[in-house]
Amino acid sequence: MLSPATHTLAQILDSRPSTIHPTSLDIVMSTITVKVEFGGGLELLFSNQRSHRVALPARVPVSYSNPFSPPSAAGAEQGIQNSEDAPKKPVDLSYLIFWLRDNLLKERAELFIENGTVRPGILVLVNDADWELEGEGEYQLKDGDEIVFISTLHGG
Amino acid sequence: MSCGNPVADADALMQRRKKYDKTKNCVKCKVAQGNLVIRHAVYCKECFLHLVVHKFRRTLEPTVNPKPDGPRRTALKPAGNLLVGFSGGLGSSVLLELVHRCYIALDKSTMLADGGSHHPRHERVWKRVSVCYVEVCDAFPGMKDRTEEIARHIKRYDGLDFVSLRIQDAFDLSWWKRVGGKPFSSELGVTLADEDLFLESLASKSSDPLTSLRTYLSSLPTPTAITTSVQTLTRLLLLHTALHTGSSHLVFGTSLTSLAVSLISGVAQGSGFNIREETQEDWTPEPPEVSASEVPEESTNARDSQHEGKKARKGKRTVRVVRPLRDLGMKECAAWAWWSDVPVVGKEKWGWAGARPGIGTLTKDFIVGLEKEYPSTVSTIVRTCGKLAPKGEVSGSCILCARPAQRGVQEWKARISIRSRPPVDPIAALNGPSDPVVEPSPVASAKPLRPSLTPYLCYACHTTLTSKSARPVPSPWPADARSAIVTLPVWTEARLSSAKGDNDRTSHVHGEILQTRRVREEEMKEIVDEFLLDD
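Line order of the protein sequences matches chains A and B. FYI, the numbering for the first sequence is 1 to 156, going by UniProt numbering. FYI, the numbering for the second sequence is 1 to 535, going by UniProt numbering.
It is worth saying that the hints were derived from the structure and are not from the lab. Predicted, not measured: the structure shown is a model, and the values here were computed from it. One or more hints might be untrue.
To be verified - With a straight-line cut-off of 16 Å between C-alpha atoms, the simulated EDC-like cross-links for lysine to aspartate or glutamate are:
1. K19(B) to E134(A)
2. K24(B) to E136(A)
3. K22(B) to E134(A)
4. K18(B) to E134(A)
5. K19(B) to E136(A)
6. K372(B) to E114(A)
7. K45(B) to D128(A)
8. K24(B) to D128(A)
9. K18(B) to E138(A)
10. K18(B) to E136(A)
To be verified - Some chain B residues well away from chain A (every beta-carbon gap over 12 Å; in silico):
11. P183
12. A268
13. P472
No residue lacks a Cβ here, since even glycine has one placed at the ideal position from N, Cα and C.
Chain A on its own, in the form it takes in the complex:
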């Protein structure tokens, strides 16, 4: 869980306008680190490695993680580059799902992602709690969060 101090910093960053010029504070909190784990056979899609540490930008383009408009390959690249003009929002779980697809997934994306979210049959836990309690893809990630993806569909 986050320390109160970190939480305050994250809140400050979230509330600031996206066009603000970089400051020393901005450089410190421009990325957050989350722990990602895979279980139930899902790790086979991610180099057979169960645990990953992932650094993500604290603010991401709004369109990138919109679950209703999954980006194309070209669009995804654009999203990762964080074009300066694009409207931004705090990084959320939907962004993480696309980020994992584009950066860590090694094979068969259709077994992980479907219609802009995780495939039915994949259970997501946010800090040991069901993501349905946390707003699913709209959950705003915080530094030090633990996100677990468990497949319930391992097999035929």
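Starting from the known structure of chain A, fit chain B onto it as the hints suggest.
Then chain B, alone, in the frame of chain A:
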């Protein structure tokens, strides 16, 4: 609510409905913050872990005693041992862990606190617990053999016997003898290419079970038939292993979600008559017509077996198939496995190059997708199917799947089917059927009565073997040519062999063999001629 533009105005979007009722607090203890949402109800981790054990015991324990308890619960005294069917998937991994904790390790945390430490529930229920894994990698190309991995997984648990089988054992005479099956000489095969399923003598007595398996699967008409047949072979291998290990109970790790899939998929494939068996069944190795006083043949051969459970072998032996996870959805199984540190070996998808998904795969995709958006629907499917009772009489058990067969299905099928007949000469049609020159004699045109597998099959198995696809189906084993006459599984061969040796019993068990043919009006008139009144 007004119609707005969701792109320009964020408020125009309808609020998404929450996936949980009321608060985020646990519905059971009302205190702790919730960790998991199960069909709109929120549970904390601790309450959820107990709930899973409770639901497992609540489903399994009322089935342990041969006769169900009355209102007062008595001690658990099964008639034999326990066999766990293990596939390596999520459900069976959870099931094995629960069986081990509750009935082998006798983990106190899985038991109710009342009754004291010497309460009968703290005693071991089953004397022996075996785990059986059937490796199916030889049925589908490119599939990894996981036997070693599974054996290592089972070794984590003490007090378990491991039985490893391969899917081709279903065609292996030595396995059949090993499990105490009545020896027979493999003579008959079936013409799977012909929808009449004629029984013919085998040209060569193939001794290789793997070739027999692959020829059998390659000769099936659809991808659905192939996957369904592999499931049936696996189930029968497990049932016979249960008999051999003196087990009165065979448990499967079928979750609520998997059960909903198998119920819908089964009905879609014509096994609606066996809808109750899909949830729970009492299986006897012989057809129900055999009197209880008659000792089944396997029992005679297995008398010298070192296994326990002799009591269960006396008289009519029954294996009760139970699915103790049938009240737990896949999500609950996954969460319990994760929080209880249960590793899942996993199993591969069944498929081969060019094959379209079968009814089972399509149903699974549909149900899993449905469960995500409407979590209660899967439970509703299972509860609704639980209320169904099949109509019609039972006529023995199917020679292939060993489940009860409905009487008179072939006659019914003949009545409702539209069959194409050889084209009739238009001149003959104009002249009417009385023209003896053009219309051949019905006696001459009737096919000779050849033995067929059809009367021994249930509706679902007959449909599986004969329902053809409109498109050409790529074979999983193109190198294994489709054989004209295909070897049948050993239990089917054994029953055919005993039926051949005992004609009286065959007619008793399987009824008459019927043949239909077209009868001319004149011939019908001749039959009833003496009863007709003169004009």
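Consistency of the hints with the structure:
no., hint, verdict
1, K19(B) to E134(A), "holds, 10 Å"
2, K24(B) to E136(A), "holds, 14 Å"
3, K22(B) to E134(A), "holds, 14 Å"
4, K18(B) to E134(A), "holds, 10 Å"
5, K19(B) to E136(A), "holds, 10 Å"
6, K372(B) to E114(A), "holds, 12 Å"
7, K45(B) to D128(A), "holds, 9 Å"
8, K24(B) to D128(A), "holds, 14 Å"
9, K18(B) to E138(A), "holds, 12 Å"
10, K18(B) to E136(A), "holds, 10 Å"
11, P183, "holds, 35 Å"
12, A268, "holds, 17 Å"
13, P472, "holds, 23 Å"
The structure meets every hint from the earlier list without exception.
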